[in-house]
Amino acid sequence: MRVLAVDPGAKHIGLAISDPTGTIANPLGTLKHVSRALDAAVIATKARELGAELIVIGQSLDENGRPTLEGRRAARLASALRAYTD
Numbered sequence: 067m068r069v070l071a072v073d074p075g076a077k078h079i080g081l082a083i084s085d086p087t088g089t090i091a092n093p094l095g096t097l098k099h100v101s102r103a104l105d106a107a108v109i110a111t112k113a114r115e116l117g118a119e120l121i122v123i124g125q126s127l128d129e130n131g132r133p134t135l136e137g138r139r140a141a142r143l144a145s146a147l148r149a150y151t152d
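Reading the sequence shown from the start, the letters are residues 67 to 152 in the numbering used here.
Misleading hints may appear alongside valid ones.
Okay, derived cross-link-like pairs now, DSS-like style, lysine-lysine, Cα gap no bigger than 25 Å in a straight line [unchecked claim]:
| no. | residue 1 | residue 2 |
| --- | --- | --- |
| 1 | K98 | K77 |
| 2 | K77 | K112 |
| 3 | K98 | K112 |
Each pair of labels, with its calculated beta carbon distance range [stated by the list, open to error]:
| no. | residue 1 | residue 2 | range |
| --- | --- | --- | --- |
| 4 | A107 | N130 | 28 to 38 Å |
| 5 | A82 | L127 | 15 to 25 Å |
| 6 | A107 | L135 | 36 to 46 Å |
| 7 | Q125 | D152 | 13 to 23 Å |
| 8 | T87 | N130 | 34 to 44 Å |
| 9 | R68 | E129 | 27 to 37 Å |
| 10 | D73 | R148 | 17 to 27 Å |
| 11 | E129 | D85 | 26 to 36 Å |
| 12 | D152 | N130 | 13 to 23 Å |
| 13 | K77 | A144 | 14 to 24 Å |
| 14 | M67 | T111 | 12 to 22 Å |
| 15 | R132 | D73 | 15 to 25 Å |
| 16 | D152 | E129 | 12 to 22 Å |
The set of hints was computed from the structure by calculation and includes no laboratory data. What you are looking at is a predicted structure, and each value in this text was computed from that prediction instead of being measured. Even glycine gets a Cβ: it sits at the ideal position worked out from N, Cα and C.
Using the sequences and the hints, build the whole thing.
Put into structure tokens, the structure is as follows:
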């Protein structure tokens with residue numbers, strides 16, 4: 067199963083795709099952050115093009131295990147992405 071890994075940031079979003087076994091990830095590059103909805107649409111399209119069956123989004127946590135500001139943004143991106151994917 068191919069996995070698309072997403073590393074969201076305030077200005078750029080990093081992408082990586084796994085090999086068909088889901089073992090090793092290779093970088094794809096970055097997307098420029100535009101808006102949550104547009105970013106989610108582009109990521110979903112990229113996942114379909116690459117045959118990814120799973121999308122994993124990194125979420126940063128503080129020292130107590132709670133999401134940071136960026137972590138909360140990542141959760142909102144994940145929520146938006148669900149509207150564009152199965």
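Okay, the hints, checked on the actual structure:
1. K98 <-> K77: Holds. K98 to K77 sits at ~6 Å (cutoff 25 Å).
2. K77 <-> K112: Distance of about 19 Å is within 25 Å: holds.
3. K98 <-> K112: The given pair, whose Cα atoms are some 14 Å apart, holds under the 25 Å limit.
4. A107 <-> N130: 28 to 38 Å: For A107 and N130 the Cβ distance comes to about 34 Å; the hint holds.
5. A82 <-> L127: 15 to 25 Å: The hint (15 to 25 Å, Cβ to Cβ) holds, given that A82 and L127 are roughly 20 Å apart.
6. A107 <-> L135: 36 to 46 Å: For L135 against A107, whose Cβ atoms are near 23 Å apart, the range 36 to 46 Å is violated.
7. Q125 <-> D152: 13 to 23 Å: Distance hint for Q125, D152 holds at roughly 21 Å.
8. T87 <-> N130: 34 to 44 Å: The hinted range 34 to 44 Å holds for T87 and N130, with Cβ atoms some 35 Å apart.
9. R68 <-> E129: 27 to 37 Å: Check passed, 33 Å falls within 27 to 37 Å.
10. D73 <-> R148: 17 to 27 Å: 18 Å, holds
11. E129 <-> D85: 26 to 36 Å: 34 Å, holds
12. D152 <-> N130: 13 to 23 Å: Violated: the Cβ-Cβ distance is about 34 Å, outside 13 to 23 Å.
13. K77 <-> A144: 14 to 24 Å: 19 Å, holds
14. M67 <-> T111: 12 to 22 Å: Check passed, 19 Å falls within 12 to 22 Å.
15. R132 <-> D73: 15 to 25 Å: 19 Å, holds
16. D152 <-> E129: 12 to 22 Å: 35 Å, violated
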